[in-house]
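One-letter residues, chain by chain:
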Amino acid sequence: MSVLVYTESEQGKFKKTSFEVASYAKAVADQMGTTVTAVTFNANDTSELGKYGVDKVLNINNNDLEKFNANSYASVIEQAAKKEDSKVIILSSSADSKYLAPLVAVKLDAGYASNVVEAPSNTSPFTVKRTAFTNKAFNMTSIDTDVKVIGVSKNAFGLKESSGNASSEDFSPSLPEAGVTVQSVDKATDKVTIADAEIVVSAGRGLKGPENWGMIEELADVLGAATACSKPVSDLGWRPHGEHVGQTGKPVASNLYIAIGISGAIQHLAGINASKVKVVINTDPEAPFFKAADYGVVGDAFEVVPALIEKLKAFKAQNA
Amino acid sequence: MNILVCISHVPDTTSKINFTDDNTKFDTNGVQFVINPNDEFGLTRAMWFKEKQGANVTVVNVGGPETEPTLRKALAIGADEAIRVNTEAKDGYQVAKELANVVKDGGYDLVIAGRESIDYNGGMVPGMLAGLTDANFVTNCISLEVDGTNATAIREIDGGKETVSTSLPLVIGGQKGLVEESDLRIPNMRGIMMARKKPLNVVEPSNAETETSSVKFEKPVPKGAVTLVDADNLDELVNLLHNEAKVI
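Protein chains in written order, with the working numbering: chain A, 1 to 320; chain B, 1 to 248.
Just so you know, these hints were derived from the structure itself, not from any lab.
The reader is advised that the hints may include incorrect statements.
[What the hints assert, rightly or not] Once the Cα atoms are required to be at most 25 Å apart in a straight line, the calculated BS3-like pairs of lysine-lysine come out as:
no.: 1; chain 1: A; residue 1: K67; chain 2: A; residue 2: K16
no.: 2; chain 1: B; residue 1: K25; chain 2: B; residue 2: K90
no.: 3; chain 1: B; residue 1: K246; chain 2: A; residue 2: K191
no.: 4; chain 1: A; residue 1: K187; chain 2: B; residue 2: K161
no.: 5; chain 1: A; residue 1: K191; chain 2: B; residue 2: K161
no.: 6; chain 1: B; residue 1: K161; chain 2: A; residue 2: K13
no.: 7; chain 1: A; residue 1: K82; chain 2: A; residue 2: K67
no.: 8; chain 1: B; residue 1: K246; chain 2: A; residue 2: K16
[To be verified] Just the calculated beta-carbon pair ranges, DEER-fashion:
no.: 9; chain 1: A; residue 1: M1; chain 2: B; residue 2: E88; range: 30 to 38 Å
no.: 10; chain 1: B; residue 1: T149; chain 2: A; residue 2: V185; range: 20 to 28 Å
no.: 11; chain 1: B; residue 1: P220; chain 2: A; residue 2: K187; range: 32 to 40 Å
[To be verified] These stretches of chain A come out as covered by chain B in the derived footprint (C-beta under 8 Å, 3 or more residues):
no.: 12; segment: 238-245
no.: 13; segment: 290-300
Bear in mind the structure is a predicted one, so any value in this text is a computation, not a measurement.
Heads up, the beta-carbon is just placed ideally off N, CA and C, and yes, glycines get one too.
Only chain B is shown next, with the shape it has when bound in the complex (with noise of 0.2 Å):
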């Protein structure tokens, strides 16, 4: 089988966010970037499906050299090859885009990325890449067995979870459950040593245009301070979520 891994490079999760340029850019000041935790997710199933099953597994990156280091410790975790498409990443349009194109270069059987990126949230890249290499679609996967050309997903819905059947091609939206946490892999030294090694393929992109584009950026308006209320007098707490705040 052969596996396209995507990966989006994004500020670790206890990451101060804050702007520049007028709240129009990030900050990367001081900002540890990582594996997209859902993408991770999806990594490590990559991983099983080779060490299980026998798959090649290649990780993908839409971005600059910046991002080289998060596709090392991919290749670190496991991955074979890695290619980094050079190119800024500005919507999901245009990743997904520019993804497709290397779906349609590779021939990958499945795709795996993460349901979204934990900076920009937007959710869409899986579903537009299913949609433009016309490849079958399931997103918040947590769970995923291939048997030749099938398929068997679970999905979580809300309140519940679907099992659903589908074929090869495939792109699936994976999150947390796709794989336990305590599965998840830190790269050894050996694993550092062989990447240094392995293939990372720069690919010039095809400048696939966008179609939504950020303005800029606001944080969220300071919180006044806790009221806080005793706790022998819990009538006040009833009280004050009846009559302040309105929400019993």
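So that you can see chain A by itself, here it is in the shape it has in the complex (with noise of 0.2 Å):
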């Protein structure tokens, strides 16, 4: 028996978000007096996960997995815990993570918890917290099947390092039909992704104009964040929907979220709620976004942010 893990790689290279589901799937196999075993599709080098608790890894190497499938991923998570005995099946709010969980919990007729922000409470009953109403509030959830799907929210739990090695086996699943063919991906590679940010600079209405943006997107070039905006401005088109941030947008768990020109809807703040600290600058004091921030600075934009990515320079200059 041992707690399995869904580890997620691009190219080869571990994402962040498979270290920090590795720290999770730690603490539950440490709350259970058992081990922790990842599985790994096409991952160059797995020695990295030993550093977050991982006892071992099922190594998959296949080039019909080379892109992700959700039902053969789904079906090679379900040979992998079978063959583990695993009552606990850890995954992480990635795009990818959210597709493959509730249908590797069906193949194993097991309860799911999306969204979960900290390690069990209990693990008899099964007891977790997750965010609910968009972040708006938190359910105690309690998953009563012999096996669980837990999906981890990103950065809710972090990295935690523990000393040990993992062992590496070869695995050799079955795949089934995969139903549904990727014809084409198109994705920006070089540019910072909401769902990976550590940093979102996030901008609405208050710029006036797509032509404006070049000065968010060079702040969140000296920050290494991702670019995000309110609901109205993707709905005036001026950016992409990818970006919209709130309840019917994408949500923000970053560690810094820098808002700017958004006065701060409720539907805005219950998207960004899970992010650790916000920043807003606005013209208005009376927005209702200083009341959810941690920092704020009321000011034009045009003049606070040129002078905000000069100040962020200078100090990235003096430590670097």
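Both chains come to you apart, so use the hints to assemble them.
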């Protein structure tokens, strides 16, 4: 019996979320007095996983699994879980993991809790804390089945290093019909994505027009951040829908969220509530966002943002 | 094409969220309920299929009689018929099981659900429904075309999008982008009058078991007051972010 963790990689390299879910799995395994097994897909070097508590790696090298396919990947995880007699399967909250998890749950007849933010408060009954009502509340959920599937929220648990070495074993599961075939992928590889970003720089209608986004991108660039926007901005077509943050857009759980020219509608605040530190820059001191923020600057974005870029550049030069 | 659109009955996005009964139950007092926004995009896409390619559109909800106004609104928008599975929705698996029975009985080619509801945000029903009915599945769907029994969809991935091909029967988890926000429909008087005459069938549940249970709710800890920094002293902001918040 071991806790099974699904690790995501890109071009053979693990994503940071893989280490976060491994850290979470280690905490669960410690509570249950068992070990952690990771499933990897075409990863180059699996030894890094040992640093985050993984005891054993089931290493899959298969060209047919080069591109993510939910049905095939779910079947692989099912077979790995059965092989390891895993009662708990841990995934992240990436788009791919959220695609996979319900399919895995059905295959294993397992209860599934998504958006989990803490290690289980109890393992009998198995109880986890998850966000609900788009971050306006938390729900303590008990998973009542023998096998449990958990989706861990990004940045909620963090990375926890532990001293250990992961043993590695090649694993060759059988693959089902894919059902869905990837035709093309359109991804800006040089940009930090909202899902992976530690810092998100977001702007709203206060920017007055799409032509003014240059300084937002420059600020994001200086911070190594992703860019995002409020709903009206994506509705107006100033920015792509994929950047819309809020209740009907993307949720953000970054370490730092900088909101520029966004008043702070309740739907937007719900989408960013899980971010740890919030900074707001707005001309209107009565903007509701100031009540939700940790730090605020009352001022004109067209003056504050360029000045902030210069200050951050100087800070980076000093701390390089 | 026979399309089923799964409709969640959720609190309006502006709702204040409170709990009763020692924080074990959602407080519905004064809360306006609406069609889950992700489902509304799906319903609008289903209307497009109906009008451009010919399709029969059924909407379904798992819930008590209090959810019927939401189903009637979907009928007023243009769905042909509605089904309500007469049981309280307790967890995603139970809802997916009840929906799977509806899908098997109705022989639907395409099932459109929202990628998640905005109340419990479980994001599990569409995937579980696909798994339980052996249908193909695409979630975070921002485009869907159907040609005969073949389908092409675009799904949002982290940092971009992916175009996939698949075939019917298909379940999708839809979201914003599936149709433009400006294409969403507000029921007109004629639609509302017609909706009264359309069938709303109440079916009894199979009493599927749940796999999870809600123990209690908590609200986030109230935040302290904002620290305001003078616009002429941005060094201080950089200093606070570095030394106090430790995020840069």
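Right, here's what the structure says about each hint:
1. Between K67 (chain A) and K16 (chain A), the direct Cα distance comes to roughly 19 Å. Compliance with the 25 Å bound is thereby established for this hinted pair.
2. The straight-line distance between the Cα atoms of K25 (chain B) and K90 (chain B) is roughly 12 Å, inside the 25 Å bound, and the hint therefore holds.
3. For the hint linking K246 (chain B) to K191 (chain A), the alpha-carbon distance of about 23 Å falls within 25 Å, and the restraint holds.
4. For a cut-off of 25 Å, the pair hint linking K187 (chain A) to K161 (chain B) stands: about 6 Å separates their Cα positions.
5. Between K191 (chain A) and K161 (chain B) the alpha-carbon distance is near 14 Å, which keeps this suggested pair within the 25 Å criterion.
6. The straight-line distance between the Cα atoms of K161 (chain B) and K13 (chain A) is roughly 20 Å, inside the 25 Å bound, and the hint therefore holds.
7. Pair hint K82 (chain A) plus K67 (chain A) holds up; C-alpha atoms about 24 Å apart against a cutoff of 25 Å.
8. For a cut-off of 25 Å, the pair hint linking K246 (chain B) to K16 (chain A) stands: about 19 Å separates their Cα positions.
9. Checked against the hint of 30 to 38 Å, the C-beta distance between M1 (chain A) and E88 (chain B) comes to roughly 35 Å, which is consistent with it.
10. Remark: the range hint 20 to 28 Å for T149 (chain B) to V185 (chain A) is upheld by a beta-carbon distance near 25 Å.
11. As the Cβ distance of P220 (chain B) to K187 (chain A) is approximately 33 Å, the hint placing it in 32 to 40 Å holds.
12. Requiring three or more residues with a Cβ within less than 8 Å of a Cβ of chain B, the coverage given for the segment 238-245 of chain A holds, as 3 such residues are present.
13. Coverage of the segment 290-300 of chain A by chain B holds. Counting CB-CB distances below 8 Å, 11 residues qualify, and the rule asks for three or more.
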